[in-house]
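> Residue strings, one per chain:
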Amino acid sequence: MGVFQSLGRSGLRLCHMIGSIALFIVFSLRWCLIPPFYGRQIVRQLIDVGYYSLPVVGLTTLFSGMVLALQSYTGFARFSAEDTVATVVVLSVTRELGPVLAGLMVAGRVGASIAAEIGTMRVTDQIDALETLSTRPMQYLVGPRLIAGTICLPILVLIGNIIGVFGGYLVGIYRLGFNSSVYLSKTLEFLEFSDVMLGLLKAAIFGFIIALMGCYHGYYSGRGAEGVGKATTNAVVSASILILIANYSVTALFFG
Amino acid sequence: MTDEKKRNVKIKISNLFKNFGGDYVLNGFSLSLKKSESLCLIGTSGSGKSVALKCLIGLLSPDSGSITVDDQETIGQSRPQHEAMLKRFGMTFQFGALFDSLPVWENVTFRLRQKEKLNKKEAKEIAGDILSQLGLAHQVLELFPAELSGGMQKRVAIARAIADKPEILLFDEPTSGLDPITSGVINDLILNSVNRLGATTLTISHDMASVRQIADTVAMLHNGRIIWCGPIKDINHTGISEVDQFVNGKPYGPLTTNKRETLQTKQTEISV
Ligand SMILES: Nc1ncnc2c1ncn2[C@@H]1O[C@H](COP(=O)(O)OP(=O)(O)OP(=O)(O)O)[C@@H](O)[C@H]1O
Ligand SMILES: [Mg+2]
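From first to last, the protein sequence lines are chains A and B.
Throughout the first sequence, residue numbering follows this note's numbering, covering 1 to 256 in sequence.
Throughout the second sequence, residue numbering follows this note's numbering, covering 1 to 272 in sequence.
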């Protein structure tokens, strides 16, 4: 009996959470479209989410591109297909690794900071204070972050892709001894516009997920420092899981 | 109540109930404020004063009860109506609730700058004027809340609440944790808002000295309801032992014994 009870309770809690996230999305999107628009907040978030994430995303994709070149060389050397290394690197970086790694790294960095900031505002009554000062918290806090997340991640991923491919190129030329112009032409030969676009579409979705989870968990943060800590953890964990799920779903949808 | 008197009622809270996880913090809370009246709400720590204030302004929704402002029911009103009502209120929170990411001058003029276009210089001037009334120098304008002392934060929060001269002011412990001189300044400011601007004020306070200074009327909250409400001059002769204990700050008495028991014995004495 106890098992069913706790199963039922978890099920109900999950339904409640899905419902409240859905409502949260509807409200925040609605407020995104209605004036006043807080331009300064949007700019601040663009800088926070986009500009300051550049080092993290750049380093992650650089080393991923490098290790990818090494590993695929080892693998393909076993059946004498070493010259596909360039193609493998560029396709995996643009279609998969770039968006997912950037998404996960930014989820850790930005998701956490959004949840902590909004959560702190919640527990110190700043969100209530906004309301009493005739400002809708959804519009002032949530909207700009959702917009910034959705815009910034594709840009970050595009830059990350270039850096990742460049990392592969460095290893290819200096470590594996490829000819530079051959490597470059192989890189571009099989790359299609749709590969890049698919990666960027994923990135936009991930950016939305990260900002959404940060805002949602921060907004409904429990009381005290412990509440904010939990909100931060939940934001990062749920954003990471949702990113991986969304990644598979989008890939499966556009597969082929 | 005559018609004349009725018209003077600004805020009427009746029979409010509010529970958190089954614990009733407000348990039939009723209170009314006349126009341009300064009412002080007193009560022991944790008795639900802040919750009552948040229910009044609509930040928390009570389980049941009614709140009217100028004879207009505010519970269950639509969002635009609620937003319009909030514009008439100014409120300070117990712990300041200043916006961390904005400097002092932007905090103070936050609402003003949404109402009218103010450039930076004008906004800073206005903020500086209000803050100087509260004894804060111009240098604080550019500081961030984290760089201020607790008492300074409190004063900035008060400046923010009164900046656009709302008709109803709610202060949650405006003088707690302040030195006597600064408390005096804030008490004067509250009196001034009431007397000169005709604001209706509801102040939560633990500090009997400042209560005596600013209150026209005092109401005491205990076990989720008002156990006494009357003019400040009567506070020493209420005949209610809880009020006596609170006013005289005695460690032993009905407030510090079994709560449920006192609730039942006092239910008959409520007179609001
Ligand atoms: N958001 C909330 N969730 C759960 N319980 C709450 C919440 N807000 C207040 N309470 C509970 O309500 C009770 C009254 O709290 P409140 O803050 O109104 O006290 P108070 O009278 O303002 O006390 P103090 O003088 O110390 O500020 C407390 O027991 C508190 O735990
Ligand atoms: Mg309180």
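Quick caveat, the hints were computed from the structure, so don't treat them as lab data.
Being a predicted model, the structure only gives us computed values, none of them experimental.
Do not rely on the hints blindly, as some may be mistaken.
To be verified - Each pair of labels, with its calculated beta carbon distance range:
{"hint": "1", "chain 1": "A", "residue 1": "Phe4", "chain 2": "B", "residue 2": "Gly22", "range": "41 to 47 Å"}
{"hint": "2", "chain 1": "B", "residue 1": "Leu118", "chain 2": "A", "residue 2": "Leu23", "range": "53 to 59 Å"}
{"hint": "3", "chain 1": "A", "residue 1": "Leu201", "chain 2": "B", "residue 2": "Ala137", "range": "51 to 57 Å"}
{"hint": "4", "chain 1": "B", "residue 1": "Phe20", "chain 2": "A", "residue 2": "Leu23", "range": "18 to 24 Å"}
{"hint": "5", "chain 1": "B", "residue 1": "Ala146", "chain 2": "A", "residue 2": "Ser194", "range": "20 to 26 Å"}
{"hint": "6", "chain 1": "A", "residue 1": "Ala22", "chain 2": "B", "residue 2": "Phe20", "range": "21 to 27 Å"}
{"hint": "7", "chain 1": "A", "residue 1": "Leu29", "chain 2": "B", "residue 2": "His206", "range": "14 to 20 Å"}
{"hint": "8", "chain 1": "B", "residue 1": "Arg88", "chain 2": "A", "residue 2": "Arg30", "range": "51 to 57 Å"}
{"hint": "9", "chain 1": "A", "residue 1": "Cys15", "chain 2": "B", "residue 2": "Ser14", "range": "55 to 61 Å"}
{"hint": "10", "chain 1": "B", "residue 1": "Gly22", "chain 2": "A", "residue 2": "Ala22", "range": "45 to 51 Å"}
{"hint": "11", "chain 1": "B", "residue 1": "Pro231", "chain 2": "A", "residue 2": "Val26", "range": "46 to 52 Å"}
{"hint": "12", "chain 1": "A", "residue 1": "Ser194", "chain 2": "B", "residue 2": "His138", "range": "26 to 32 Å"}
{"hint": "13", "chain 1": "B", "residue 1": "Ile75", "chain 2": "A", "residue 2": "Gly224", "range": "25 to 31 Å"}
{"hint": "14", "chain 1": "B", "residue 1": "Arg79", "chain 2": "A", "residue 2": "Leu201", "range": "33 to 39 Å"}
Claimed, not checked - Restricting the straight-line Cα-Cα distance to at most 25 Å, the calculated cross-link-like pairs of lysine to any residue (SDA-like) are:
{"hint": "15", "chain 1": "B", "residue 1": "Lys117", "chain 2": "A", "residue 2": "Lys230"}
{"hint": "16", "chain 1": "B", "residue 1": "Lys120", "chain 2": "A", "residue 2": "Arg40"}
{"hint": "17", "chain 1": "B", "residue 1": "Lys165", "chain 2": "B", "residue 2": "Val9"}
{"hint": "18", "chain 1": "B", "residue 1": "Lys115", "chain 2": "A", "residue 2": "Pro35"}
{"hint": "19", "chain 1": "B", "residue 1": "Lys10", "chain 2": "A", "residue 2": "Ser134"}
{"hint": "20", "chain 1": "B", "residue 1": "Lys121", "chain 2": "B", "residue 2": "Val140"}
{"hint": "21", "chain 1": "B", "residue 1": "Lys165", "chain 2": "A", "residue 2": "Ser134"}
{"hint": "22", "chain 1": "B", "residue 1": "Lys10", "chain 2": "B", "residue 2": "Gly22"}
{"hint": "23", "chain 1": "A", "residue 1": "Lys230", "chain 2": "A", "residue 2": "Cys15"}
{"hint": "24", "chain 1": "B", "residue 1": "Lys12", "chain 2": "A", "residue 2": "Ala204"}
{"hint": "25", "chain 1": "B", "residue 1": "Lys117", "chain 2": "A", "residue 2": "Cys15"}
{"hint": "26", "chain 1": "B", "residue 1": "Lys87", "chain 2": "A", "residue 2": "Ile34"}
{"hint": "27", "chain 1": "B", "residue 1": "Lys120", "chain 2": "A", "residue 2": "Lys230"}
{"hint": "28", "chain 1": "B", "residue 1": "Lys115", "chain 2": "A", "residue 2": "Cys15"}
{"hint": "29", "chain 1": "B", "residue 1": "Lys115", "chain 2": "A", "residue 2": "Arg30"}
{"hint": "30", "chain 1": "B", "residue 1": "Lys35", "chain 2": "B", "residue 2": "Phe144"}
{"hint": "31", "chain 1": "B", "residue 1": "Lys117", "chain 2": "B", "residue 2": "Gln94"}
{"hint": "32", "chain 1": "B", "residue 1": "Lys87", "chain 2": "B", "residue 2": "Asp188"}
{"hint": "33", "chain 1": "B", "residue 1": "Lys87", "chain 2": "A", "residue 2": "Leu33"}
{"hint": "34", "chain 1": "B", "residue 1": "Lys87", "chain 2": "A", "residue 2": "Cys15"}
C-beta atoms are modelled at their ideal positions from N, C-alpha and C, and glycine is treated no differently.
> Would you pick out the hints that fail for this structure and give their numbers low to high?
1, 2, 5, 7, 8, 9, 10, 12, 15, 22, 24, 25, 27, 28, 30, 31 and 34
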